[in-house]
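Number of protein chains: 2
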Amino acid sequence: MRVLTPQPLTAENFAPFGQVIELATAYHYPINEGLTTRYHDLVKADTHEQNGRTIVSVFRTNPIPLPHKIIKMERHPLGSQAFLPTHKHPFLVLVAPAGEQVYAQDLQLFITNGQQGINLAKNTWHHFQLVLGEQSDFIVIDRGGAGNNLQEVEVMGDAIIPVNVAV
Amino acid sequence: MRVLTPQPLTAENFAPFGQVIELATAYHYPINEGLTTRYHDLVKADTHEQNGRTIVSVFRTNPIPLPHKIIKMERHPLGSQAFLPTHKHPFLVLVAPAGEQVYAQDLQLFITNGQQGINLAKNTWHHFQLVLGEQSDFIVIDRGGAGNNLQEVEVMGDAIIPVNVAV
Chain A
579 MRVLTPQPLT AENFAPFGQV IELATAYHYP INEGLTTRYH DLVKADTHEQ NGRTIVSVFR
639 TNPIPLPHKI IKMERHPLGS QAFLPTHKHP FLVLVAPAGE QVYAQDLQLF ITNGQQGINL
699 AKNTWHHFQL VLGEQSDFIV IDRGGAGNNL QEVEVMGDAI IPVNVAV
Chain B
579 MRVLTPQPLT AENFAPFGQV IELATAYHYP INEGLTTRYH DLVKADTHEQ NGRTIVSVFR
639 TNPIPLPHKI IKMERHPLGS QAFLPTHKHP FLVLVAPAGE QVYAQDLQLF ITNGQQGINL
699 AKNTWHHFQL VLGEQSDFIV IDRGGAGNNL QEVEVMGDAI IPVNVAV
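Those sequence lines, one after another, are chains A and B. Position one of the first sequence corresponds to residue 579 (my numbering), numbered consecutively onward. Position one of the second sequence corresponds to residue 579 (my numbering), numbered consecutively onward.
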């Protein structure tokens with residue numbers, strides 16, 4: 579049984595899986611007579627496949643009960659999916675390398691610093707949301723349109739997120 | 579001098595100017611084995627004019643110094659612009675009816691209930707952001723692409739937002 583421990587999320591270590599969205603390093607400029615800073619065009623939405631379009635939803639998510647055994651992973655073959663938290667609580671991101679199978683030993687668990695969002699690249703294997711602490715809202719930017727945009731796979735081997743994952 | 583007083587924002591009274599975005603009345607369904615509620619496709623993004631695309635930015639905006647005299651209004655002829663607050667503070671929305679001129683007596687001031695976002699329809703005359711209380715972040719969904727997407731006009735007549743606007 580592999581016990582997963584998270585690494586702090588950075589643009590560099592997450593690059594194989596998608597974007598890290600954080601204002602600290604984003605292109606920005608003043609507008610509105612200086613009252614506003616615009617952090618411009620933060621999400622590389624990749625949603626045009628098969629006449630898709632970029633849509634905006636809110637996910638209101640309860641914390642994941644821990645310990646949590648990893649049973650399956652999913653990917654979206656037709657579009658990227660971004661999660662922008664409307665709160666400052668760190669959350670977990672569990673992903674796996676490209677391929678037709680997902681193996682427990684290849685899983686990569688990240689934890690945000692409370693100021694970060696993510697944009698999962700099209701086709702990135704990922705677990706559904708892994709929220710810690712309390713119910714949290716996320717603005718989600720993904721793809722709308724026809725076509726099957728969900729694939730799921732059972733994970734080969736055993737892995738678990740322990741109760742003390744964020745300690 | 580017209581002293582503006584806000585009316586509570588509702589989907590009905592804001593309909594001539596755009597959408598009110600609020601989870602209470604949004605289409606939603608459970609996902610992620612019941613841990614998440616998805617409030618689906620909340621923003622009618624109208625951004626395709628002249629090969630535009632839907633982009634996602636963050637506006638970090640300081641409160642408007644009050645009293646505030648209304649000098650000019652703006653509109654975006656090529657696309658809608660949505661503001662989704664990442665906080666629970668009511669904010670002001672100042673709009674005016676369609677037309678080539680904006681008159682002080684036609685201005686309409688709204689205040690959100692702390693749970694609402696807005697999506698300004700393409701070509702709606704509006705004031706730049708009017709935040710109350712403290713610096714606040716908004717996720718903004720608008721149009722990226724070539725073309726002039728900003729028109730400004732000086733307001734005909736005098737109007738002011740008073741210090742006690744939110745009382």
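Be careful, since some hints might not be right.
A pair holds if it fits inside one copy or across any two, identical chains being indistinguishable in the list.
[Stated by the list, open to error] With a straight-line cut-off of 20 Å between C-alpha atoms, the simulated SDA-like cross-links for lysine to any residue are:
(1) Lys622 with Val741
(2) Lys666 with Thr588
(3) Lys647 with Ile609
(4) Lys666 with Gln693
(5) Lys650 with Glu611
(6) Lys647 with Asp736
(7) Lys666 with Arg638
Worth flagging that the hints you see were computed from the coordinates, not collected in a lab. Remember, it's a predicted structure, so these values are computed and weren't measured experimentally.
Here is what the structure says about each hint:
{"no.": "1", "hint": "Lys622 with Val741", "result": "neither (34 Å within a copy, 41 Å between copies)"}
{"no.": "2", "hint": "Lys666 with Thr588", "result": "within (16 Å within a copy, 29 Å between copies)"}
{"no.": "3", "hint": "Lys647 with Ile609", "result": "between (47 Å within a copy, 18 Å between copies)"}
{"no.": "4", "hint": "Lys666 with Gln693", "result": "both (6 Å within a copy, 18 Å between copies)"}
{"no.": "5", "hint": "Lys650 with Glu611", "result": "between (50 Å within a copy, 12 Å between copies)"}
{"no.": "6", "hint": "Lys647 with Asp736", "result": "within (8 Å within a copy, 64 Å between copies)"}
{"no.": "7", "hint": "Lys666 with Arg638", "result": "both (14 Å within a copy, 15 Å between copies)"}
The earlier numbered hint that this structure contradicts is number 1, and it is the only one.
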